[in-house]
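Here the structure of chain A is known, so what remains is to put chain B in place on it, guided by the hints.
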Amino acid sequence: MGYEPQADFGTPPSKSDKQVTLTIDGHAVTVPEGTTVMRAAAEAGGAIPKLCATDNMKQFGSCRLCVVEIDGARGTPASCTTPVAQDMVVRTQTPRLEKLRRGVMELYISDHPLDCLTCSANNDCELQDQAAAVGLRDVRYGYTGENHLGLGTDISNPYFDFDPSKCIVCSRCVRACDEVQGTFALTIEGRGFGSQVSPGLASDNFLSSECVSCGACVQACPTATLQEKSIKEIGKPERSIVTTCAYCGVGCAFRAEMRGDTLVRMVPWKDGKANHGHSCVKGRFAWGYANHKDRITKPMIRKSISEPWQEVSWDEAIAYTAAELKRISASHGMRALGATTSSRCTNEETFLMQKLVRAGFGNNNVDTCARVCHSPTGYGLSQTFGTSAGTQDFDSIEECDVVLIIGANPTDAHPVFGSRIKARLRQGAKLIVIDPRRIDLVRTPHINADYHLPVQPGTNVAVLTAMAHVIVTEGLADEAFIRERCDWDEYQDWAQFVSSERHSPEYLEAVTRVPAADLRAAARLYATGGNAGIYYGLGITEHSQGSSSVMAIANLAMVTGNIGRAGVGVNPLRGQNNVQGSCDMGSFPHEFSGYRHVSDNVARKLFEDDWGVRLDPEPGLRINNMLDAAVDGEFRAIYIQGEDILQSDPNTKHVAAGLEAMECVIVQDLFLNETANYAHIFLPGSTFLEKNGTFTNAERRIQPVRRVMEPANGYEDWQITQLIAQAMGLDWDYTHASEILDEIARLTPTFTGVSWDRLDKEGSLQWPVNDAAPDGSPIMHVDHFVRGKGHFVVTDYVPTDERTGPRFPLLLTTGRILSQYNVGAQTRRTDNVLWHDEDVLEIHPSDADNRGLVTGSWVRLASRTGDTTLRALVTDRVAPGVVYTTFHHPTTQANVVTTDYSDWATNCPEYKVTAVQVAPSNGPSEWQEEQAEITERARRIVTAEAAE
Amino acid sequence: MSGSDTVSGLIRMANQIATNMATMRFADEPAAVAEHIKRYWEPRMIAKIRVADQTLLTPLARQAIALLGETGASQAQAT
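Taken in order, these protein sequences are the chains called A and B. Our numbering applies: residue 83 is where the first sequence begins, and numbers increase by one. Our numbering applies: residue 4 is where the second sequence begins, and numbers increase by one.
If we strip away everything but chain A, and leave its shape as in the complex, we get:
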């Protein structure tokens, strides 16, 4: 594909079903009612000159370049603000219009540097294009008058510059920040000739302002005023390839814009159905880790973890890996081996990993990082609805009247969808937030949550059941829906249960710390406010009652009939890019792809026949069980792809003990991560830019990942897994990821209609894609639940075993920040560290005062499990008695503090509830100092050249 700018129709499309026919420049054009003349002309193949208009924002009518003549209309109306009308006759090119446009353009150019040849936007500049389009040849006013050409460039942002000397004050950047991103960080300062784009206060620059570096303003700018630094450094792209972001579960589609084999920039793809052309600071800009100096591109082995790494050839590494796995299987039994797949890897890679374990290792000891995030979603939604997936597409938010967000922080963790939520809220939708912390959405420009229920960590089930109590006892249940779609007898049992006084908001207030009146009002709003959609995250799942909470959420949706149509539903916001996909692909030890249990004889035979091998009918070990078994000497080797369990999993010391007890730890990753400190074999991985495959986002959307450059390590990740399989005697011979996708489609009922060719043609597909839903399924459970009748599950509140007390009086909960991602392996190796270079501990002013702490104080954070040190941030975002931190930095190792407690059904760790004490500290804990030494020792490398 060569380089072409993305098409821009000037104004957004109309959603009207009614068609209108008009004449534009003598041609009949039919478009939906409400379409602007500008868009109608563009859709008909014409191009009315424009500068302030762009099709992802409302029309503005400022630049006056898009004027047209309309029969019967006075003057020359702006085509961007004029809607079409039946039988309207429009002329877009007349001598009068040409003269007007040239006059307008002349004024713009009179205050614009004439440095096109040396400008970084040369040949990719709308101002330049439009000057040519209107035939501007001269500027009568000269260039010596008062102008803005001497204004200095703001280079404070690490990813883009702001050069006001090139600004035409079209306000596209300001409107993009308002309408698309919803941050309202930019404004036009001054009046008339003195008008200037300003990031916040006059004293601010882009870095110090409230700008979140989403890139929407850069994308909107029609000149070189706001432009990526990489364009200046590398040059204009020559080609682009559409691919899918490898960060969060939103799954934004991007154009990777290339010059030669060098990535120049990632630009959100306007046709991407998950992101509709928007992006966040991570996907848009934080891809520099791909070429970071820390990246390992050669395989390495070592006999023991006390030795330095030895670079070896791929042949030697693969042979050694296979030999070690076979040796350990022979000496300790096949159940001594296992693996973990990664939600950062493609569907094809995770599918091959679980296939290697089941068909190659001969057991089911495969788990995935979704164990520690959304495994309760799988259990809870399977029990109630019949399948492990969110019910809606992201577009559903546009028809949502009441947004209920619980245990999620979309503007930080799923920022592009967060912006869409904000847009819907600005249109008037109501908002309920249930969270112990005051997330940004509670109060942000033009948005005030109708209710923020600051739930005590660990009591979600009590809050959700109390909401059900209000709905049932106040007669707000949708009985018609329940009778038609759910098991009526089960409902009656459940209704009787929740109606008990002990589930009332008043009774539970002492437990939940949520004012009963607020809870009642929120429940009424959810039940009666129109279409109500629930969006939840790890603040629901990562509890000892994570699965119960998911089922309680499903109960709420069913009792109010908020399921099976646009605007409603139950929506788990997946943390990583391919959490949904890794779960779909059979990464859990008890089930094959498509969520079929390994004991299911029919399903197992399907795989046995296809793979030509007998498969174990018993479930395998979960990752925490693997670590336990390793300490007990029963589990000896693990193959870890794309995950850093030492940093991400709970109770770090136990993880370290488990890894240290193994004879062979194989880590396949981009970097020597913390887990690799305990590894014997390091297989360098490939980035998402270097591989083909698919990711499945939080709305079940399967999207292509396309290789835009050669793998720096020599192989795509699935190829490495195949090499190991072949060395172990398996006859795999895939030549492209698409062949693995074909196998997935062959063996997975929800993927039957998915193929690489089809994804190429259609861009994306939402599973299930099969005979029953040949075009995919944007919304699930439309006429009936996957399981048949919806299943109400009684969810009683059972307190966690983790308790506060005199020694550990505070509750720690953990989460993410916008600029960093998960364990930070990628984002810490980008300029995103400018916004977050260390984990900090949020603590309420009253708790800080009691301990003599101020913002910036070093504090010791201690639990029954361990302790670490970090700096304090005193803030009333958290309630008294609650502290909060992130887990992005290995120097902090927040998971040294978290415990072994986990969800009762799935063992998803209880990251969100840890009893802790906070005290002033002088410096790093013993554990931190010890880990720093281990890390330094573990990263010694003897290069292949040095070894010769």
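Everything labelled a hint here was simulated from the structure, so no lab data went into it. Misleading hints may appear alongside valid ones.
As the list claims (entries may be wrong) - Think about it this way: if two alpha-carbon atoms lie no more than 16 Å apart in a straight line, the pair counts; the simulated EDC-like pairs of lysine to aspartate or glutamate are:
#	chain 1	residue 1	chain 2	residue 2
1	A	Lys512	A	Asp376
2	A	Lys512	A	Asp532
3	A	Lys97	A	Glu481
4	B	Lys41	A	Asp682
5	A	Lys735	B	Asp8
To be verified - If you want the footprint, here are the derived chain A segments under chain B, 3+ residues with CB under 8 Å:
#	region
6	712-718
7	867-879
Every residue, glycine too, gets a C-beta built ideally from N, C-alpha and C.
Coordinates of chain B only, in the frame set by chain A:
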């Protein structure tokens, strides 16, 4: 974590499953808990909890483990 710690962990897990499932109104609670454990636990885990000190289990968990029979133990020996 030693082997005894692993067993303690398994007992805690079984008790937690039983406590939560006891609230869910199954017609046959021991069978439901046993089915859950059989569905998600690797056979060696079942074998270990079967020979653990049963007095550390809640009554419902104890009944469920008893229902699991010899399956777990036999699977563990097959490794």
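Results for each hint:
1. A/Lys512 <-> A/Asp376: violated, 46 Å
2. A/Lys512 <-> A/Asp532: This hinted pair holds, its Cα atoms lying about 6 Å apart.
3. A/Lys97 <-> A/Glu481: holds, 13 Å
4. B/Lys41 <-> A/Asp682: At roughly 13 Å apart (the allowed maximum being 16 Å), A/Asp682 and B/Lys41 satisfy the hint.
5. A/Lys735 <-> B/Asp8: Satisfied, since the Cα-Cα distance of roughly 14 Å is no more than 16 Å.
6. 712-718: holds (count 3)
7. 867-879: Held - the region 867-879 of chain A has 4 residues with a Cβ nearer than 8 Å to chain B, which meets the minimum of three.
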